[in-house]
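Protein chains in written order, with the numbering used here: chain A, -17 to 140; chain B, 421 to 792; chain C, 23 to 383.
Quick caveat, the hints were computed from the structure, so don't treat them as lab data.
Keep in mind that a hint or two might mislead.
Computed list of lysine to aspartate or glutamate pairs in DMTMM-like fashion (alpha-carbon distance at most 20 Å, straight line) [claimed, not checked]:
| # | chain 1 | residue 1 | chain 2 | residue 2 |
| --- | --- | --- | --- | --- |
| 1 | C | Lys180 | B | Glu433 |
| 2 | B | Lys711 | B | Glu611 |
| 3 | A | Lys109 | A | Asp44 |
| 4 | A | Lys15 | B | Glu611 |
| 5 | B | Lys608 | A | Glu16 |
| 6 | A | Lys30 | B | Glu569 |
| 7 | A | Lys134 | A | Glu45 |
| 8 | B | Lys596 | A | Glu33 |
| 9 | A | Lys134 | A | Asp76 |
| 10 | A | Lys134 | A | Glu115 |
| 11 | B | Lys719 | B | Glu562 |
| 12 | B | Lys711 | A | Asp106 |
| 13 | B | Lys746 | A | Glu58 |
| 14 | C | Lys180 | B | Glu570 |
| 15 | B | Lys599 | B | Glu570 |
The structure displayed is predicted, hence computed values, not measured ones.
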Amino acid sequence: MKSVVNYFKEIYFGLRSLITGLRVTGHYITHPKEIITQQYPENRDTLKMFERFRGEVVLIHDEKNEHRCTGCSACEVACPNGTIEIIHKKVDVDGRKVKALDKFVYHLQMCTMCGLCIPACPTDAIKMANTFEHAVFDRSKLTKILNKPGSKIMDGIK
Amino acid sequence: MEETITTALESQEYFINMGPQHPSTHGVLRLVLSLDGEIIRKVEPHIGYIHRSIEKMCEHDSYQQIVHLTDRMDYLSCHINNEAVCLAVEMGLQVEIPERVKVIRTIIGELTRLSSHQLWWGVMGMDLGAITTFLYGFRDRELITDIFEETCGARLTMNYNVPGGLMFDIHPNFQKRTKDFVTYFKKKLPEYDDLLSNNVIFRERTIGIGKLSKEDAISFGVTGPTGRASGFSCDVRKHYPYSAYDRVQFKEILRTEGDCFARYQCRIAEMWESLSIIEQLIDNIPEGPFKAPTKAVIKLPKGEWYQKVETARGEFGVYIISEGQKSPYRLKFRSPGFSNLSALDHMARGCKIADLVAIMSTIDLVIPDIDR
Amino acid sequence: MKALYDFSYLTSAIHEWLSSFLSPNGVLITEMILVGIAFMLFFAVLGLVLVYAERKVSAFFQQRLGPMRVGKWGTAQTIADVIKLLMKEPVINREADRFLFNLAPYIIMIAAFMAMAALPFAKGLQALDFDIGILYVAAVSSLGVIGILLAGWSSNNKYSLIGAMRAGAQIISYELSVALSLLTIVVLTGSLQLSVIVESQADGWWIFKGHIPAMIAFLIFLIASTAETNRGPFDLAEAESELTAGFHTEYSGMKFAFFFLAEFANMFIVSAIGATVFLGGWMPLHIGNWQGFNAIMDYIPPIFWFFGKVSFMIFLMMWFRWTFPRLRIDQLLTLEWKYLLPINLVNILVMAFIGLVGWHF
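Go ahead and model the full structure; you've got the sequences and the hints to work with.
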């Protein structure tokens, strides 16, 4: 007798648990306002990343096309993956030959966005930008030269 | 005559390669199954398909740089991995870490654990055929990744810890966002029970499947929720408290059944515990610096250090041998996934293919964690 | 306008028009071809609509939007899918049995076609009105499993074979429950002919007229038919997370699309049978002596009633699929032999008693 009762009990509780599950999904199909999908390329204008989001390394330039990078290579040392390459040139300052930045080469394809180069910079010349659409058709386009052509170092930065 | 009949009727064992490309191996794990019909006779895990020699790479990196490599191991509990390396290095340097750092690390660590368990819950449902749970798990996880993104700057590989503290202070919105999330998730967590825990099909699929006794759990070195479901009290947070775990009240979830359902229940209960830990700490973040002053080039003195932490998967250990250089002489990670995987064969023998999938999801494997 | 309520006007008009210039045999052959083309077109449209519906419904269950890009609200998504599948290379496993491999999808499709022939879509819109309609549909709809078995066997893939064997065991067992639950209603109608069954529900659907046993039979039918179509919590033959894609792992391109289409066609067929037997087919909802209410219900054309009920059944099956986890093979058989079958047998007995005493309406 007991087994018969158990048999029907099993069916009853089984069906009830299934209906509880159906109720959860039923709730969501009847509340289309709770849909959380964002339509990405369409919402590009309103899509705003958080300010700390690490997208890529950029060299900050001001409106006079001046940056703060002295070419000290601290970021190159701090980088775990060899993402940053600083190419130097010799410039004459007051008749002395001084090392200065020629090219700030940044290999985006190797960057893990760890952000270690940012605190390593003694002059706060670089920062992480919020961009995230890095896909390109040619891998070589990922190797970027961050200092803009004709840019020079800001006065007073050593 | 009779002999030929018996040999003809005798079932023949055959082999199946499950993986490296298979939907339920969660990555590139390869299992060589020895099957008799649908019944599993033997499971032989073959690993190494995503081996990146992280331990060797660590021998050439400075201590700050090592931290970001651990993000890529158990990517679902990346913050806790980072914490382990940082704690080991701090132990070697003997620096006093500010209280603020300890509390923030604990909060973010618990958030990481929550997000890992949410993903596990979704994937567990999907492995058992309920695809909708996958989306619900990710829906709730999204809010945690938003918190991470705002404060740490990345959603998955956060690299928020540095030896001596944190990379930067928490974002002003951090506390509010976290509190919002806790209230939201407390409403959503019962939904998890409605969809899976109480579901009769789910219970049938998991209760009594993949049993692991306490003795076996200990001898295989199975830790984390997988070990605790077998009754093996192995919560590092409780037994060897690090960061701020010594000042919060939380229960170590222990179950004795050791089957898939116990492992499932263990993780669900852990989510409640994590929520309670976050609630205890979120209003009590002490003021102070977010980083202890350290040198730009960290050189550990000659010696050996071992630090273990509790990740979402189990006990994660970092063993550093230093020769006094700026990078370690040898660095060894004790990853929980590797030990947990080793018990798979023991658990899955005699089960069906469908059970193997259930067992694998309750172990909660992350393959990069196993291979490193 | 009249033809919308009774399609026999339309069909007899076509018949007379054809008879006016063709011999009786010629008329028969032409009509067969016409019906074949009509079904083929219906099949294609059905596939397009149901695939879109499934994607949208599943999306809304999962708090997603689903396809949104191709056409307004993604309505042309399935057409884009078809074009993609047409352009894909049909890869055949080197060690596969090529003949059976190519034959399997067609067997499944033909089985679905054959079952479709006996369905009463609306008043006077039925290709074949057998006196053994239900038996025929039940028999033919289980023919598809041969296609699945062939696909699994000929692929020369262990996953496919396991999936196919599972499907075989599953369909053979659940066929029993489907047939028995339908028999429960046949006890009351006294006929296997589908048109008679529909006509017998003019004063109320069997699910209401047959009291609790009819509801139990409906529930069992719902479960068993979901299992028979290899869907929802019973998709063991495909079992994406265990067997990658089960019996159609090795199929690609259009042949894969055939399997896909057949799944949806089968879903439509079992829903249509369920709607016909339990929910009154194309009969409008009539409640006792409420003349005004009945008149309003009659105003809705029968074909809309039929498709409305079928969509309701399909929606239920989708709801199951997107909520429940999958069963294991032994649990699947336990469910059938330990629960559904005994309950079904007792249910038939009770129903026979009710029919005998005349307690039904």
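Going through the hints against the structure:
For a cut-off of 20 Å, the pair hint linking C/Lys180 to B/Glu433 stands: about 12 Å separates their Cα positions. The hinted pair formed by B/Lys711 and B/Glu611 fails the criterion: a straight-line CA distance of about 40 Å is larger than 20 Å. Our distance criterion of 20 Å between C-alpha atoms is met by A/Lys109 and A/Asp44, whose separation comes to about 13 Å. Of the supplied pair hints, the one linking A/Lys15 and B/Glu611 holds, its CA atoms being roughly 18 Å apart against a limit of 20 Å.
For the given pair, B/Lys608 sits about 13 Å from A/Glu16 by alpha-carbon distance, which is consistent with the 20 Å threshold. Between A/Lys30 and B/Glu569 the alpha-carbon distance is near 12 Å, which keeps this suggested pair within the 20 Å criterion. Of the supplied pair hints, the one linking A/Lys134 and A/Glu45 holds, its CA atoms being roughly 12 Å apart against a limit of 20 Å. Proximity of B/Lys596 to A/Glu33 is assessed by CA-CA distance (about 17 Å); at most 20 Å being required, the pair is judged to hold.
Pair hint A/Lys134 plus A/Asp76 holds up; C-alpha atoms about 17 Å apart against a cutoff of 20 Å. For the suggested pair A/Lys134 and A/Glu115, the alpha carbons sit about 28 Å apart, so the restraint of at most 20 Å is broken. Note on B/Lys719 and B/Glu562: the hinted pairing is violated, with a Cα-Cα distance of about 38 Å set against a maximum of 20 Å. Restraint check for B/Lys711 and A/Asp106: the C-alpha separation of about 19 Å stays at or below 20 Å, so the hint holds.
Restraint check for B/Lys746 and A/Glu58: the C-alpha separation of about 16 Å stays at or below 20 Å, so the hint holds. Distance hint between C/Lys180 and B/Glu570 is unfulfilled; the C-alpha atoms sit about 48 Å from each other, more than 20 Å. For the proposed pair B/Lys599 and B/Glu570, the alpha carbon gap of about 14 Å is at most 20 Å, so the pair holds.
Going through the hint list in order, the structure does not satisfy hints 2, 10, 11 and 14.
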